[in-house]
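K.L.:
Residue-level listing of the chains:
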Amino acid sequence: MNVKTEAAPQKATPTVGLLVTCLVDVFRPQVGFAAVRLLEDAGCRVAVPETQTCCGQPAFNSGARADAKAIAKQVVETFEGFDYVVGPSGSCISTLRCHYPELLADEAEWRQRAEAFAGRCHELMRFLTDVMGVERVTAQYAARATYHDSCSGLRELGIRHQPRNLLASVQGLALRELEDSDACCGFGGTFCVKYPEISERMVSDKVAGIQAVDAEVLLGGDLGCLLNIGGRLRRLGSPVRVFHAAEVLADMTDGPAIGEPEK
Amino acid sequence: MKVRSAAFKENARAALGDEALQAALAKAKGGFVDKRRIAVEGLPEFDAIRDVAIEIKEHTLSHLDYYLEQYESQVIASGGQVHWARTPKEACEAVVAICRQAGGRRIIKGKSMVGEEIGINEALGAAEFEVMETDLGEYIIQLAEEPPSHIIAPAVHKTRDQISDLFQAHHGKYGLTERVTEVATIVNEARQVLRDIFIAGEIGITGANFLIADTGSNVLVTNEGNGDLTSTLPRVHIVTASIEKVVPTLEDATTILRLLGRSATGQEITSYTTFSTGPRRAEDLDGPEEYHVVLVDNGRSELLATEYRHMLRCIRCGACLNHCPVYGAIGGHAYGWVYPGPMGSVLTPLMVGLTDTVDLPNACTLNGRCRDVCPMRIPLPDMLRAHRERAHAQGIGGGLFGIGLSLWAWLAKRPSLYRLAADRFSAFLGARGRKAGAFRSLPFAGAWTASRDLPAPARVSFARQWRRRQAENK
Amino acid sequence: MSAAREQILARVRRGLKRDEPLTADVVTQLEARTTAHESAVRPALGADLVARFTEKLSAVSGRVIPVPAMVDATDGLLAYLDEFDLPRSAVVSQGGLVDEMVWPEGMAVEWRVAGGSDRLSVTGAFCAVAETGTVVLLSAPESPTSLNFLPDDHIVLLGRSQLLPHLEDVWHKLREEVGDMPRTVNLVTGPSKTADVEQTIQLGAHGPRRFAVILVEQA
Numbered sequence: 442m443n444v445k446t447e448a449a450p451q452k453a454t455p456t457v458g459l460l461v462t463c464l465v466d467v468f469r470p471q472v473g474f475a476a477v478r479l480l481e482d483a484g485c486r487v488a489v490p491e492t493q494t495c496c497g498q499p500a501f502n503s504g505a506r507a508d509a510k511a512i513a514k515q516v517v518e519t520f521e522g523f524d525y526v527v528g529p530s531g532s533c534i535s536t537l538r539c540h541y542p543e544l545l546a547d548e549a550e551w552r553q554r555a556e557a558f559a560g561r562c563h564e565l566m567r568f569l570t571d572v573m574g575v576e577r578v579t580a581q582y583a584a585r586a587t588y589h590d591s592c593s594g595l596r597e598l599g600i601r602h603q604p605r606n607l608l609a610s611v612q613g614l615a616l617r618e619l620e621d622s623d624a625c626c627g628f629g630g631t632f633c634v635k636y637p638e639i640s641e642r643m644v645s646d647k648v649a650g651i652q653a654v655d656a657e658v659l660l661g662g663d664l665g666c667l668l669n670i671g672g673r674l675r676r677l678g679s680p681v682r683v684f685h686a687a688e689v690l691a692d693m694t695d696g697p698a699i700g701e702p703e704k
Numbered sequence: 458m459k460v461r462s463a464a465f466k467e468n469a470r471a472a473l474g475d476e477a478l479q480a481a482l483a484k485a486k487g488g489f490v491d492k493r494r495i496a497v498e499g500l501p502e503f504d505a506i507r508d509v510a511i512e513i514k515e516h517t518l519s520h521l522d523y524y525l526e527q528y529e530s531q532v533i534a535s536g537g538q539v540h541w542a543r544t545p546k547e548a549c550e551a552v553v554a555i556c557r558q559a560g561g562r563r564i565i566k567g568k569s570m571v572g573e574e575i576g577i578n579e580a581l582g583a584a585e586f587e588v589m590e591t592d593l594g595e596y597i598i599q600l601a602e603e604p605p606s607h608i609i610a611p612a613v614h615k616t617r618d619q620i621s622d623l624f625q626a627h628h629g630k631y632g633l634t635e636r637v638t639e640v641a642t643i644v645n646e647a648r649q650v651l652r653d654i655f656i657a658g659e660i661g662i663t664g665a666n667f668l669i670a671d672t673g674s675n676v677l678v679t680n681e682g683n684g685d686l687t688s689t690l691p692r693v694h695i696v697t698a699s700i701e702k703v704v705p706t707l708e709d710a711t712t713i714l715r716l717l718g719r720s721a722t723g724q725e726i727t728s729y730t731t732f733s734t735g736p737r738r739a740e741d742l743d744g745p746e747e748y749h750v751v752l753v754d755n756g757r758s759e760l761l762a763t764e765y766r767h768m769l770r771c772i773r774c775g776a777c778l779n780h781c782p783v784y785g786a787i788g789g790h791a792y793g794w795v796y797p798g799p800m801g802s803v804l805t806p807l808m809v810g811l812t813d814t815v816d817l818p819n820a821c822t823l824n825g826r827c828r829d830v831c832p833m834r835i836p837l838p839d840m841l842r843a844h845r846e847r848a849h850a851q852g853i854g855g856g857l858f859g860i861g862l863s864l865w866a867w868l869a870k871r872p873s874l875y876r877l878a879a880d881r882f883s884a885f886l887g888a889r890g891r892k893a894g895a896f897r898s899l900p901f902a903g904a905w906t907a908s909r910d911l912p913a914p915a916r917v918s919f920a921r922q923w924r925r926r927q928a929e930n931k
Numbered sequence: 002m003s004a005a006r007e008q009i010l011a012r013v014r015r016g017l018k019r020d021e022p023l024t025a026d027v028v029t030q031l032e033a034r035t036t037a038h039e040s041a042v043r044p045a046l047g048a049d050l051v052a053r054f055t056e057k058l059s060a061v062s063g064r065v066i067p068v069p070a071m072v073d074a075t076d077g078l079l080a081y082l083d084e085f086d087l088p089r090s091a092v093v094s095q096g097g098l099v100d101e102m103v104w105p106e107g108m109a110v111e112w113r114v115a116g117g118s119d120r121l122s123v124t125g126a127f128c129a130v131a132e133t134g135t136v137v138l139l140s141a142p143e144s145p146t147s148l149n150f151l152p153d154d155h156i157v158l159l160g161r162s163q164l165l166p167h168l169e170d171v172w173h174k175l176r177e178e179v180g181d182m183p184r185t186v187n188l189v190t191g192p193s194k195t196a197d198v199e200q201t202i203q204l205g206a207h208g209p210r211r212f213a214v215i216l217v218e219q220a
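Heads up: the sequence lines are chains A, B and C, in that order.
Quick note: to get the working numbering, add 441 to the position in the first sequence (first position is 1).
Quick note: to get the working numbering, add 457 to the position in the second sequence (first position is 1).
Quick note: to get the working numbering, add 1 to the position in the third sequence (first position is 1).
Treat the hints with care, since some could be wrong.
Restricting the straight-line Cα-Cα distance to at most 30 Å, the calculated cross-link-like pairs of lysine-lysine (DSSO-like) are [what the hints assert, rightly or not]:
1. A/Lys-635 with B/Lys-931
2. B/Lys-466 with A/Lys-635
3. A/Lys-452 with B/Lys-870
4. B/Lys-870 with A/Lys-514
5. B/Lys-546 with A/Lys-635
6. A/Lys-510 with C/Lys-18
7. C/Lys-18 with B/Lys-546
8. B/Lys-459 with A/Lys-704
Please keep in mind that the hints were generated in silico from the structure rather than gathered at the bench.
When you get a sec, could you build the whole thing from the sequences and use the hints?
P.N.:
As structure tokens, then:
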């Protein structure tokens, strides 16, 4: 999708409204804190609007257009005042960037607001690399890791080299490529529970790929994918540990990985 | 062809457990994907040609009446006849009438997806014509009495063993009783059997990859040569083609041809690309004496003003099928009708109605690979979403999930209530899940936990932690 | 005209939000577009058309037999007959290089439509395309189409001067030299094949098992 991006920040300390995402909020707050640390380290002033709930993607993708529109307007109002809106999720941000303008296209005033808004929305790692110019982080994490590209991040937002570039600077991290890093993991929102057997086949193929590169750690930029793949890995008794890439970049890998018991 | 899309879930389940099918699909998938990639990488102008091809199609669709009329007058000027059909029934009636008038009984067929769509084989069979498929893949599934499972490779779901079985069961009447088991011997036996059938054919029916308005020609893109024999040997040649196949000029077709082979099978060009115009000329030594084109609408004209208009750009290459992880897991028959994969999930509800086909647009992760590889950049995921919107508006296929999603949206529009619910949810489940870190089973989550653990939520949501942190920092 | 025709066209016009017929201006533009016969993007080719043609046709199991002059085609054909143990007989087209061909001694050639048991056809060609390794054959009394499909082996006599760069060049030449389309224009690129059995390519499905071009440099 080609939504015009704003030029590199003119302000010394841009304001960022953090779109936590509903999955991070409930399942993995660590990712939210990792995002805050990374954004502040890059020189941003981060705020977390309290009235945020959901980006509306579940409604949008299931055809509940009226609900999706209402939620979209709410999100635009909540986050409009910031220089940037950043979230640790390709699928949520692609909803804001790529689909809000089309969703709100039939109301002239909202269409313009949504188009202006869309250009300021960014996935976390792409924001750090392409907008804030971050080239390296000072994290350490010794592990053989592999990376799963989430479909919306990859195909709707063009995120591929940005996470890899940042992860390459993590001391001790050996990143190896999955043969099918861009194959869908079978999450697909409600798809994974509406068509569980097909989803199981897709996630099993993904797990086989992870095992084939002998990775100890799986990383990715979308929690939905990571819960899905991580859940399958655990069910199969695999020792592979799963983190959101932001956690590794923010040097926050001391705690339990996704699905692991609290210490 | 009977629509079996309502049984999608059972079909998919059966397909996932069908070892022979899974073996066949695994063999096919890598081949198509790799070959396409190599072919596309080998043509630096690929994306530029795509842009032009889309322009050509859009221009044609925007003047479709003009080009259809021009096409018709050129067919007539070259000695052929055009029959217009609004519905499958009309199309079959037209074909049957031509065949009756022609006075033959033995019909040979090249592959035609629109022929499947209108159910021409059943109609001809009911009218007591003998119909033989000549494309090897179509011949195989005709013997098996199955529909095609792929729009380019109709028998892709069959293993070599299964084909050997079929030939052994059916070729006895030709005096061929030995079981052929190698690819070469299988193909050779088919060649032998079909040769006589070609020569005895009285009426030939083919599809068309393109119709050229400027010249009244139909274009057939094949590798086997059966389409050409079907078009040349019998006394009568009938083309079944849908209205959006028309393009203005030979040059326009040439542009799109550069995308078709590469996208479908990774070929720069097929063994045979044939342009047929009218019946044989007065002094020709071979060729049909009669040339008929049956132009099929079947709802396509209705799409022009809708959000599905771009589906009319489709050139039936099958790239979307080949790259779809759902198609790759379940094969084509699970979709229940003529067109499988992403393009089938868009077309089938449009052609046969959404009520019994709603699983098709729903069984998709919207991953977008199909749109990426589509030579005509058709926004397939957007169209599948549009189907979901229509289903939602009509109350089709929601079920329990629909109720759950409505509840979710209701909460999402009410931040304070949402906050309360989210905080309570994470606290409740987080406490229960903290020891194990994940749930092996959970009420209402059976579909997830059947094959996956569910990582436990955090005991304290991000929002609550953030609020505390802000309060502490003050 | 039929009700179906009228209704389909009416639906198309409605879908395009047009109640009026196209204006004369628009029709003139459309006609101009058609007669311009434009082709926007042609793949870049190297300068050596013969090399390109040979590379592309060989890649799909077609054989290219280069000979300097027509007199050398005789030996080229003989070698081919011997290699594949073919009888000295062929069904042939008329005209062009076929008329100049000096057939091997004792070889029986017949100009007629092909039959189911013909082993070999030898034809000329209208032209060929370097871009894709394609030979272009037109139906005519001199060159019945069945010659291209029924025999097991098909050999084409082609002169270097008949080789064109791109596929579009075929249409230009056809309009210039022939005028209206014939019944059949075959673009042939290699022998018949299928991958319908386990996605494994097998030559010789229904058309010729082997396809060869005797490429005459000086013709």
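K.L.:
Taking the hints in turn, state whether each one holds.
P.N.:
Evaluation of the provided hints:
1. With a CA separation close to 46 Å, the supplied pair A/Lys-635 and B/Lys-931 exceeds the 30 Å bound.
2. At most 30 Å may separate the alpha-carbon atoms for a hinted pair to count; B/Lys-466 and A/Lys-635 meet this at roughly 9 Å.
3. Of the pairs offered as hints, the one joining A/Lys-452 and B/Lys-870 is violated, with about 33 Å between alpha carbons and a cut-off of 30 Å exceeded.
4. The hinted pair formed by B/Lys-870 and A/Lys-514 meets the criterion: a straight-line CA distance of about 10 Å does not exceed 30 Å.
5. With a C-alpha separation of about 36 Å, the suggested pair B/Lys-546 and A/Lys-635 falls outside the 30 Å cut-off, and the hint is violated.
6. The hinted pair formed by A/Lys-510 and C/Lys-18 meets the criterion: a straight-line CA distance of about 29 Å does not exceed 30 Å.
7. Pair hint C/Lys-18 plus B/Lys-546 holds up; C-alpha atoms about 28 Å apart against a cutoff of 30 Å.
8. With a C-alpha separation of about 58 Å, the suggested pairing of B/Lys-459 with A/Lys-704 is violated against the 30 Å cut-off.
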